[in-house]
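Let's have the full structure, built from the sequences with the hints guiding it.
The UniProt record's numbering numbers the first residue of the sequence shown as 1 and each following residue consecutively.
Calculated directly from the structure, the hints in this document are not laboratory data. Predicted model only: the values in this text are computed from it and were never measured. Please note that a few of the clues may not be correct.
To be verified - Derived DEER-like restraints, expressed as beta-carbon distance ranges:
#, residue 1, residue 2, range
1, D417, E193, 57 to 63 angstroms
2, F440, N247, 20 to 26 angstroms
3, K11, N93, 38 to 44 angstroms
4, S31, E433, 50 to 56 angstroms
5, N247, E193, 27 to 33 angstroms
To be verified - When the alpha-carbon atoms are kept at most 30 angstroms apart in a straight line, the in silico BS3-like pairs for lysine-lysine are as follows:
#, residue 1, residue 2
6, K431, K448
7, K375, K457
8, K275, K197
9, K275, K431
10, K377, K457
Idealized CB from N, CA, C, for every residue including glycine.
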Amino acid sequence: MGSSSSSYAPKSIYLDVDGKVQKVLFSRHCSPCDIKELLCSSSNIPRNTAIMMVDSEGALVSIDPTMPTNSPRQVASPLSSPTCVQKEDMFQNVLSQVAEQFSKAFRINELKTEVTNRLAMLEKRVELEGLKVVEIEKCKNDLKKLRDEMTSRGGARVNCSCRYNFSDDGKKLTPRRDVPSYPKYTLSQETIEALKKPTFDVWHWEHNEMLSCLEYMYHDLGLVKEFNMNPITLKRWLLAIQENYRNNPFHNFRHCFCVSQIMYGMIHLCNLHEKLTLTDLGVLMTAAVCHDLDHPGYNNTYQINARTELAVRYNDISPLENHHCAVAFQILSLPECNIFANVEPEAYKQIRQAIITLILATDMARHGEILDSFKHKVDNFDFTNEEHVTCLKMVLIKCCDISNEVRPTEVAEPWVDCLLEEYFMQSDREKSEGLPVAPFMDRDKVTKPTAQIGFIKFVLIPMFETVMKVRACLFASPNVHDID
Numbered sequence: 001m002g003s004s005s006s007s008y009a010p011k012s013i014y015l016d017v018d019g020k021v022q023k024v025l026f027s028r029h030c031s032p033c034d035i036k037e038l039l040c041s042s043s044n045i046p047r048n049t050a051i052m053m054v055d056s057e058g059a060l061v062s063i064d065p066t067m068p069t070n071s072p073r074q075v076a077s078p079l080s081s082p083t084c085v086q087k088e089d090m091f092q093n094v095l096s097q098v099a100e101q102f103s104k105a106f107r108i109n110e111l112k113t114e115v116t117n118r119l120a121m122l123e124k125r126v127e128l129e130g131l132k133v134v135e136i137e138k139c140k141n142d143l144k145k146l147r148d149e150m151t152s153r154g155g156a157r158v159n160c161s162c163r164y165n166f167s168d169d170g171k172k173l174t175p176r177r178d179v180p181s182y183p184k185y186t187l188s189q190e191t192i193e194a195l196k197k198p199t200f201d202v203w204h205w206e207h208n209e210m211l212s213c214l215e216y217m218y219h220d221l222g223l224v225k226e227f228n229m230n231p232i233t234l235k236r237w238l239l240a241i242q243e244n245y246r247n248n249p250f251h252n253f254r255h256c257f258c259v260s261q262i263m264y265g266m267i268h269l270c271n272l273h274e275k276l277t278l279t280d281l282g283v284l285m286t287a288a289v290c291h292d293l294d295h296p297g298y299n300n301t302y303q304i305n306a307r308t309e310l311a312v313r314y315n316d317i318s319p320l321e322n323h324h325c326a327v328a329f330q331i332l333s334l335p336e337c338n339i340f341a342n343v344e345p346e347a348y349k350q351i352r353q354a355i356i357t358l359i360l361a362t363d364m365a366r367h368g369e370i371l372d373s374f375k376h377k378v379d380n381f382d383f384t385n386e387e388h389v390t391c392l393k394m395v396l397i398k399c400c401d402i403s404n405e406v407r408p409t410e411v412a413e414p415w416v417d418c419l420l421e422e423y424f425m426q427s428d429r430e431k432s433e434g435l436p437v438a439p440f441m442d443r444d445k446v447t448k449p450t451a452q453i454g455f456i457k458f459v460l461i462p463m464f465e466t467v468m469k470v471r472a473c474l475f476a477s478p479n480v481h482d483i484d
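Rendered as structure tokens:
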């Protein structure tokens with residue numbers, strides 16, 4: 001019994017606190033943390049401060065329940081750790097700097113006089129009223145409202161993430177100065193022939209292989225020779241193109257390759273090289289390659305309704321298509337990627353305008369306008385008429401852009417899933433942001449068959465039928481029946 005009761009008896013430690021002896025009692029079952037907190041309280045040291053204790057001879061004493069007791073003549077002294085104090089000071093300094101940076105973030109250079117006076121008045125009230133808690137909170141709320149008001153006056157808007165910030169005129173893409181290293185694939189004769197047909201399966205190819213196929217197309221059509229392209233520059237340009245397509249479910253680099261491949265196939269199957277110039281073919285291929293560059297995965301309707309940076313920049317007029325053009329020519333502005341570097345200035349100007357015209361034509365909001373214009377020219381189509389040829393090229397890139405459904409079912413079917421996934425991502429975001437949602441994009445309303453039937457019936461078939469009306473003067477090749 002004696003030993004049992006003694007195990008519960010409290011231990012005592014005598015401390016030297018500012019020259020006075022302070023007795024501290026604690027249970028033998030206290031944790032070291034509890035003892036340290038008790039010592040801090042007894043010694044007027046802030047809680048949670050790292051401390052150490054030395055005996056009357058200056059030796060360090062372990063702070064735990066087993067530490068030896070002492071007497072009033074042999075007092076111990078608890079001390080705060082200098083290192084921890086320094087760390088705390090450093091932490092306070094960092095907090096002060098962060099607070100200062102936050103403060104700077106809310107300063108606007110062009111504040112109106114009324115705003116400045118209002119802030120000064122609120123700060124003066126805080127000072128004069130003795131920093132009372134209630135008044136401080138009220139002033140903070142007033143300041144927050146004022147800052148929100150300033151932000152709204154400044155034209156705050158939702159930003160659609162886009163890879164380039166064109167407000168910074170000095171910012172450009174980092175050029176690739178190294179020689180591109182993607183493998184050089186030797187295409188088999190079977191692959192070369194398959195590339196020329198709409199039955200080509202785009203799902204069987206990796207990105208490096210698609211790059212090699214695109215490179216082959218430019219050589220095969222004679223575009224490298226026609227525009228005196230440096231082959232290494234062509235490689236760099238294609239790599240830059242690939243790197244500037246995002247990993248969207250639908251609007252990605254594989255879609256870019258899909259559109260470019262069907263354009264290449266139509267050039268061969270329809271004998272376009274016999275009716276159009278090499279410059280026209282170069283414009284068609286380059287526009288197809290660049291037509292969806294840096295697509296964010298949300299269409300023009302979302303850009304306009306959400307008042308994104310792109311919509312504001314382009315005044316709600318084809319914001320995505322204008323952005324695709326801007327990115328395309330920003331890449332071409334780099335000497336290392338300019339495949340048209342050896343073209344005469346006047347010719348380059350015409351090529352640039354032609355590419356822009358074709359990319360802007362891919363905005364489905366202009367579908368009716370472009371198709372009606374083409375229908376009026378079909379019956380008397382004239383390849384010597386520049387306006388007729390331009391209209392044909394616009395319709396050709398539109399056909400290529402929506403050509404998935406003219407491919408075999410096993411090739412076309414996965415694209416429907418990809419497109420619906422991208423649609424659903426947009427409609428979910430529109431719902432969360434309180435924006436209008438198109439029924440054909442709403443996962444709760446659309447089905448896979450209904451999503452495609454209307455599109456094929458009212459958009460795809462009428463456009464391809466209209467193009468086929470010029471086959472008498474355009475499609476001299478018997479292979480044209482492969483398209484039907």
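Inset, instruction - Starting from K431, check that the Cα of K448 is at most 30 angstroms away, please. - result: The hint holds at about 21 angstroms.
Inset, instruction - Mind checking the hinted window 50 to 56 angstroms against the Cβ distance between S31 and E433? - result: holds (52 angstroms)
Inset, instruction - For the pair supplied as a hint, K275 and K197, confirm whether the alpha-carbon distance does not exceed 30 angstroms. - result: Measuring from Cα to Cα gives roughly 19 angstroms; hence the hint holds.
Inset, instruction - Sort out whether K457 lies within 30 angstroms of K375, counting only the CA atoms. - result: Answer holds: K375 to K457 is near 18 angstroms, not above 30 angstroms.
Legend entry - Pairwise hint evaluation, K431 against K275, where the allowed Cα distance is 30 angstroms at most: violated (49 angstroms)
Inset, instruction - Could you say whether the range 57 to 63 angstroms given as a hint is met by the Cβ separation of D417 and E193? - result: violated (29 angstroms)
Inset, instruction - Starting from the range 38 to 44 angstroms, see whether the pair K11 and N93 falls in it by beta-carbon distance. - result: The hint (38 to 44 angstroms, Cβ to Cβ) holds, given that K11 and N93 are roughly 40 angstroms apart.
Inset, instruction - Indicate whether the distance between the beta carbons of N247 and E193 respects the range 27 to 33 angstroms. - result: The hint (27 to 33 angstroms, Cβ to Cβ) holds, given that N247 and E193 are roughly 31 angstroms apart.
Legend entry - Distance restraint between K377 and K457, which requires alpha-carbon spacing of 30 angstroms or less: holds (23 angstroms)
Legend entry - Consistency of beta-carbon spacing, N247 to F440, with hint 20 to 26 angstroms: Between F440 and N247, where Cβ atoms are some 24 angstroms apart, the hint holds.
In the structure shown, a violation is registered for the earlier hints numbered 1, 9, in ascending order.
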